[in-house]
Amino acid sequence: MSLIEPRTLKGFRDYLPETMIPRERLMETARRVYRSFGYLPIDTPALEYEEILTGKGGEESDKQLYRFEDHGGRRVALRFDLTVPLARFVAQHHNDLGLPFKRYHIGTVWRGENTQRGRYREFVQCDFDTIGSTSVAVDVETGLVIHELLRAIGFERFEIRINDRRMLNGVLERAGLADRAVPVLRALDKLDKIGPQKVAEEMAATAGATAAQAHDILSLADARGSNRDILERMQPLVAGTARGEAGLTSLMQILSAMQAAGVPESRLRLDLSIARGLDYYTGTIYETVLGDLPGIGSVCSGGRYDDLASLYTKDKLPGIGASLGLDRLLAAMEELKLIDGRRVSAPLFLAYFDEARLNDYQTLAMRLRSAGIGVEFYPEAKKLGAQLKYADRRGFRHALIIGENEWQAGKGQLKNLAQQSTTEVPLGEGLVEALAKAIGQAS
Numbered sequence: 021m022s023l024i025e026p027r028t029l030k031g032f033r034d035y036l037p038e039t040m041i042p043r044e045r046l047m048e049t050a051r052r053v054y055r056s057f058g059y060l061p062i063d064t065p066a067l068e069y070e071e072i073l074t075g076k077g078g079e080e081s082d083k084q085l086y087r088f089e090d091h092g093g094r095r096v097a098l099r100f101d102l103t104v105p106l107a108r109f110v111a112q113h114h115n116d117l118g119l120p121f122k123r124y125h126i127g128t129v130w131r132g133e134n135t136q137r138g139r140y141r142e143f144v145q146c147d148f149d150t151i152g153s154t155s156v157a158v159d160v161e162t163g164l165v166i167h168e169l170l171r172a173i174g175f176e177r178f179e180i181r182i183n184d185r186r187m188l189n190g191v192l193e194r195a196g197l198a199d200r201a202v203p204v205l206r207a208l209d210k211l212d213k214i215g216p217q218k219v220a221e222e223m224a225a226t227a228g229a230t231a232a233q234a235h236d237i238l239s240l241a242d243a244r245g246s247n248r249d250i251l252e253r254m255q256p257l258v259a260g261t262a263r264g265e266a267g268l269t270s271l272m273q274i275l276s277a278m279q280a281a282g283v284p285e286s287r288l289r290l291d292l293s294i295a296r297g298l299d300y301y302t303g304t305i306y307e308t309v310l311g312d313l314p315g316i317g318s319v320c321s322g323g324r325y326d327d328l329a330s331l332y333t334k335d336k337l338p339g340i341g342a343s344l345g346l347d348r349l350l351a352a353m354e355e356l357k358l359i360d361g362r363r364v365s366a367p368l369f370l371a372y373f374d375e376a377r378l379n380d381y382q383t384l385a386m387r388l389r390s391a392g393i394g395v396e397f398y399p400e401a402k403k404l405g406a407q408l409k410y411a412d413r414r415g416f417r418h419a420l421i422i423g424e425n426e427w428q429a430g431k432g433q434l435k436n437l438a439q440q441s442t443t444e445v446p447l448g449e450g451l452v453e454a455l456a457k458a459i460g461q462a463s
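For the sequence shown, our numbering begins at 21 and goes up steadily by one.
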């Protein structure tokens, strides 16, 4: 029988340990930040009934769905995001959950779209959402979570871009395009990707916008100046439209509250060009761009969707949330050389000298693990040089070396592999403290 060529599908990828370790670290950071704001974990199936997912994100999302008929003859589809399954989940369980309900969900999603830098057809989203409140305080908190999340990951130069769908709809209402808002906003959301000329052409083709109407909308999206300047410029453009004025007031409150909570104005930008491509957004929308790598796109996006759950229940279940684009952020971190490429999940390497001392080595390793110090014990009693070469290649910074003389003397050798220096440590009382100090200083 001929061998099958090992290969991955286009748009999909394998994750080697040097990539998976920082990936898991990002997930752990996201969980820690979400929990600090009181969000609770949930999970939903990867597969949903096709009718649950279709028509929720728009025509583009429907085209990108992986859907098929299962063995039972049911029409099913892989989830394309975590928000639509959340709407179904809350509609199904809200009587047991209680409202408002704050959840986070870290899971894999699938979209059959063209691949691009930092974007694959299978990727992980790290979502957080609040369901059951229309208070602007929740919109503010969403922005604060995004800010704390990026800081916790280690970024200082980033920009949270904010807009409001209601304000855009107010402008469209005054322009006579209110009944064609969805195709206009879909086109506007592509501004960074295809440029103003192509956007104007798409607005004309899909929404029947005149050249003058497209020009006015695009000039609005290109508004420059301070957040206050842009807000003042918007006031006469939405005056007399209930949704437009509500969106403008909300943005004023959000920007003011976020700055009062400690977010510097340099990290907040009112950007009238962002519309978010998914149809279900109804109010505040967020996108987050890295200052050192803006070209990679938004790494944390979301917004308010007050009507999505109404597709599944007559109960009013407004929601707002955002999603950390884990794989896109990892691609950015790789490009910025913020990932060191080490393939270690424990900070200490324990060399193995004497097979007769196996019990002693394993007892010591378990003692250190119980004290909170991760240890990888080499499984074969090879020459020390070969073991240290393995440890160095994996990226270990510290190796504990204990031969027969060290066992007899009750003192081991702690080798710093990066500095090629060695210090003596006690094997009895004081070992944990000595290792914790050395490892902590190097991390």
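If you are wondering where the hints come from, they were derived from the structure by calculation, not from laboratory data.
Mixed in with the good hints there might be a few duds.
Okay, the calculated beta carbon distance ranges per label pair [to be verified]:
(1) Arg362 x Gly93: 45 to 51 Å
(2) Asp412 x Ala225: 57 to 63 Å
(3) Gly132 x Ala406: 20 to 26 Å
Calculated lysine to aspartate or glutamate pairs in the EDC-like style (CA-CA distance at most 20 Å, straight line) [claimed, not checked]:
(4) Lys402 x Glu375
(5) Lys402 x Asp360
(6) Lys218 x Asp236
(7) Lys213 x Glu80
The beta carbon of each residue, even a glycine, is placed where N, CA and C say it ideally should be.
Results for each hint:
Range check, Arg362 to Gly93: about 49 Å between beta-carbon atoms, so the 45 to 51 Å window is met. For Asp412 and Ala225, the Cβ-Cβ distance of about 60 Å falls inside the hinted range of 57 to 63 Å, so the restraint holds. Taking the beta carbon of each, Gly132 and Ala406 are about 47 Å apart, not inside 20 to 26 Å as hinted. Restraint check for Lys402 and Glu375: the C-alpha separation of about 10 Å stays at or below 20 Å, so the hint holds.
Taking the CA atoms of Lys402 and Asp360, the gap is about 28 Å. The hint is violated against a cut of 20 Å. For the hint pairing Lys218 with Asp236, the CA-to-CA distance comes to about 15 Å; that is within 20 Å, so the pair holds. Between Lys213 and Glu80 the CA atoms are separated by roughly 15 Å; this keeps the pair inside 20 Å, and the hint holds.
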